[in-house]
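Residues per chain are reported as follows:
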Amino acid sequence: MFAYVVRRIFVGVIMLFVMSLVTYLLFFAAPSDPARYTCGKNCSPELIEQNRKALGYDKPVLVQYGEFVKGVFVGREFPDDPELKKSAPETIASCPAPCLGYSPLQSATVTSLIAEAAPISISLAFMAFLMWMVFGISGGIIAALYKGRFADRALVGSALVVYSFPTFFIGLSLYIFVAIKWQLTPIPVYTPISEGGVGAWLSGLFLPSLTLALIYIAGYIRLTRAFVLESMGEDYIRTARAKGLPQRQIMGKHTMRAALTPIATVAGLDLGALLAGAIITETVFNYNGLGKLAVQAATTYDLPTTVGIVLVAAAFIITANIIVDVLYAVIDPRVKYS
Amino acid sequence: MSRWASADPASSGALLSVRDLKVTFPTEDGLVKAVDGLTFDLRAGETIGIVGESGSGKSVTSQAIMGLHRGTRAMVEGQIVFDGRDLIKIVDEDLRRMRGRDIAMIFQDPLSALHPYYTVGNQIVEAYRVHNDVTKAAARTHVIEMLDRVGIPNPQKRVDQYPHEFSGGMRQRAMIAMALVNSPRLIIADEPTTALDVTVQAQILNLLVDLQKEFGSAIIIITHDLGVVAELADSIMVMFAGKAVEGGEAEEIFYEAMHPYTWGLLQSMPRIDSEKKERLVPIAGNPPSLINPPPGCAFHPRCAFRDDARLGCSSVIPEFDISTEHPARCLIPEGERRAISQAKTKTRTA
Chain U
1 MFAYVVRRIF VGVIMLFVMS LVTYLLFFAA PSDPARYTCG KNCSPELIEQ
51 NRKALGYDKP VLVQYGEFVK GVFVGREFPD DPELKKSAPE TIASCPAPCL
101 GYSPLQSATV TSLIAEAAPI SISLAFMAFL MWMVFGISGG IIAALYKGRF
151 ADRALVGSAL VVYSFPTFFI GLSLYIFVAI KWQLTPIPVY TPISEGGVGA
201 WLSGLFLPSL TLALIYIAGY IRLTRAFVLE SMGEDYIRTA RAKGLPQRQI
251 MGKHTMRAAL TPIATVAGLD LGALLAGAII TETVFNYNGL GKLAVQAATT
301 YDLPTTVGIV LVAAAFIITA NIIVDVLYAV IDPRVKYS
Chain D
1 MSRWASADPA SSGALLSVRD LKVTFPTEDG LVKAVDGLTF DLRAGETIGI
51 VGESGSGKSV TSQAIMGLHR GTRAMVEGQI VFDGRDLIKI VDEDLRRMRG
101 RDIAMIFQDP LSALHPYYTV GNQIVEAYRV HNDVTKAAAR THVIEMLDRV
151 GIPNPQKRVD QYPHEFSGGM RQRAMIAMAL VNSPRLIIAD EPTTALDVTV
201 QAQILNLLVD LQKEFGSAII IITHDLGVVA ELADSIMVMF AGKAVEGGEA
251 EEIFYEAMHP YTWGLLQSMP RIDSEKKERL VPIAGNPPSL INPPPGCAFH
301 PRCAFRDDAR LGCSSVIPEF DISTEHPARC LIPEGERRAI SQAKTKTRTA
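Chains as they are written, first to last, in my numbering: chain U, 1 to 338; chain D, 1 to 350.
Check the hints yourself; a few may be wrong.
Unchecked claim - With a straight-line cut-off of 30 Å between C-alpha atoms, the simulated DSS-like cross-links for lysine-lysine are:
hint	chain 1	residue 1	chain 2	residue 2
1	U	K53	U	K70
2	U	K53	U	K85
3	D	K22	U	K336
4	U	K336	D	K136
5	D	K22	U	K253
6	U	K147	D	K22
7	U	K70	U	K59
8	D	K89	U	K147
9	D	K157	U	K253
To be verified - Not everything, but these chain D residues come out facing chain U in the computed CB check (under 7 Å):
hint	residue
10	M66
11	R96
12	R99
13	G100
14	M105
15	S112
16	L114
17	H115
18	P116
19	Y117
20	A127
21	V130
22	N132
23	Y162
24	G168
Please keep in mind that the hints were generated in silico from the structure rather than gathered at the bench. Where is the CB? At the ideal position from N, CA and C, for every residue including glycine.
I would like the entire structure built from these sequences, with the hints used as guidance.
Written out as structure tokens, the structure is:
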């Protein structure tokens with residue numbers, strides 16, 4: 001088991017390297033000039049050349065990639081010029097490890113941009129995760145227990161309706177009605193725990209995470225319902241009934257154990273994917289999370305930031321995959337890793 | 001009063017009296033009459049074999065006795081009197097208390113019948129504790145004894161293993177231990193050896209015979225394999241299209257079979273002592289529709305001995321006279337059938 005985890009982490013790291021190389025090549029080896037996008041409208045040819053040199057875009061792509069990787073582990077400086085460092089140290093941007101690059105458009109290191117945005121996205125993702133797991137799974141169980149009856153039809157029907165709405169519609173509707181018109185909640189603004197305490201943090205997160213969770217709740221109701229019904233039809237449930245177990249024990253112990261195990265897998269992967277930012281929800285509620293940062297970076301041709309976010313997203317997903325696989329060995333006795 | 005007793009089930013002295021059992025499933029195409037008027041008695045400690053092809057209603061019968069159709073759309077009619085109580089009318093909670101304690105069941109495929117996420121010990125302990133107010137430790141000791149009794153080596157270790165760590169035969173032994181853990185008076189074994197290797201099949205059957213002697217349980221063994229019931233059963237009932245077509249003592253069924261379908265089953269059974277290199281003779285045709293069964297004798301479209309002109313096989317429904325010891329549902333006069341049967345038995349055993 002331990003050997004398996006070590007091997008999975010090792011493979012995960014290799015995957016990250018491959019991911020980073022591919023992403024790097026994709027953005028910097030494209031038939032466009034990355035230096036052209038380092039300054040806004042008032043780009044002069046001199047400024048472009050200066051930035052090209054400062055960011056190392058004048059070197060061969062693989063050398064650039066090598067410097068990027070080196071920067072991740074030991075940090076780097078832009079421009080990496082010892083003479084300039086002596087004559088004018090204030091013009092040098094320092095990027096300590098783990099350095100994911102420097103964004104001249106935002107005049108900030110990519111690492112600091114991500115570090116600022118990540119807590120928002122992570123808070124949002126975990127809050128939504130909590131909501132959709134609680135409501136999605138309990139809804140699915142209720143629907144399965146009352147299969148074909150009113151509760152089932154109502155749950156599955158409303159899940160279908162919610163599922164069909166685009167996130168921006170749900171988000172905007174909640175924003176306009178719940179927060180503005182009816183004033184049931186304050187206007188959602190992200191407040192870190194360090195600034196406003198847990199209460200302000202939670203109330204700021206409520207509407208956006210609900211928006212995010214609703215789509216997942218709808219999906220998880222259907223998923224849980226299907227897994228529970230499948231499990232209820234299994235031979236070992238018939239055995240449990242033949243043993244004379246009470247219905248509660250049959251459902252609570254035998255059916256649920258078999259039905260919820262596959263849900264753990266799906267949930268882990270969904271959460272991993274969501275940690276890297278919920279683009280639409282963050283945009284609707286003007287939350288400066290990773291999703292919004294990614295959109296901003298992509299629309300302004302902010303190549304270093306884009307590469308950085310793609311890598312962080314990949315790291316989240318790879319990590320979630322490893323955790324889910326290891327977790328599976330814990331919850332399913334048939335799965336043994338060696 | 002015959003073995004298939006028709007008198008009042010309460011005074012029949014039988015452990016289990018099934019009277020005119022009907023199990024019907026509503027489907028989009030119509031009503032499926034899976035079991036259509038089944039009657040038999042089973043005395044304490046005796047074994048009855050219910051034999052028939054797929055779709056003949058034998059498994060549905062066993063599940064109806066356990067009340068496993070409750071809560072589904074299936075309709076169960078008739079009487080299933082166990083120990084003086086009608087299991088069809090009894091309330092759910094009373095039936096639940098009887099399941100596993102008085103009537104236990106052994107299923108066909110022990111891998112799917114055991115829960116993959118719980119240890120074998122956990123599942124048997126659960127079956128014991130639901131009917132007995134004992135501590136976990138006491139139950140565990142009892143379960144280890146049971147595992148030892150059904151021939152599972154090293155039960156102290158095996159009790160904590162999962163079903164997937166057992167071989168097929170060991171799994172079925174564990175299922176048997178689970179069924180016997182409360183010393184039930186009736187065991188229903190639904191194709192207990194079908195999913196097992198041939199060599200293991202014999203071991204499991206021998207085990208059942210031994211345990212029956214020890215525990216004194218009555219057994220209903222359901223199978224499509226006449227060879228299985230030959231060893232085990234006191235009496236045999238042959239089912240076809242939801243109805244009993246022949247019933248009798250095991251010996252009678254093997255050597256004096258009185259129904260063309262039973263002759264077919266016997267001929268399609270391989271015999272290890274056969275000296276001639278004879279081919280097995282399958283019964284031609286497919287099981288009939290249970291929604292619109294053939295008119296007259298349900299077996300007549302597949303029967304090699306039908307004689308419509310003389311006997312009206314496709315219009316007259318043959319009777320099953322349960323007041324006799326060896327009833328058979330056939331229109332052919334008994335004397336003729338006896339002659340055919342003797343000839344067939346002669347060639348088969350020659």
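- Please write out, lowest number first, the hints stated earlier that are contradicted by the structure. 3, 5, 22 and 24
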